[in-house]
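S.K.: Per UniProt numbering, numbering of the sequence shown is gapless, rising by one per residue and ending at 74.
Do not take every clue at face value.
List of simulated lysine to aspartate or glutamate pairs, EDC-like, C-alpha gap at most 20 Å [said to hold, decoys possible]:
| no. | residue 1 | residue 2 |
| --- | --- | --- |
| 1 | 61 | 28 |
| 2 | 7 | 63 |
| 3 | 6 | 43 |
Since the hints were made in silico from the structure, they are not lab data.
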Amino acid sequence: MFGLGKKRSKLGKWLDHRGITQQKLSKDSGVNNNTISRLATDDEYLPTMRTAQRILKAIRKIDPDVKQDDFWSM
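Modelling step: build the complete structure from the supplied sequences, incorporating the hints.
M.R.: Here it is as structure tokens:
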């Protein structure tokens, strides 16, 4: 079971819905697991532009239609 009852951000919910682990996203994007964890639980935390681009590049391999605004309002 993903999420385990924790508060989830839009990114966290997206990962849970698709059965993707934070560790997999971390590995695929090259972004530190602690950063992915914080982004998956805290809607107020905004990544740097470079980090967001790395995450989106990895996510778009699964869903090419994903936009930055789906997760973060920057």
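S.K.: All hints, please: hold or fail.
M.R.: Evaluation of the provided hints:
In summary, the hint linking residue 61 to residue 28 is supported, as the alpha carbons are separated by about 10 Å, within the 20 Å threshold. With a CA separation close to 23 Å, the supplied pair residue 7 and residue 63 exceeds the 20 Å bound. Distance hint between residue 6 and residue 43 is fulfilled; the C-alpha atoms sit about 13 Å from each other, no more than 20 Å.
Against the hints set out earlier in the document, a violation occurs for number 2 only.
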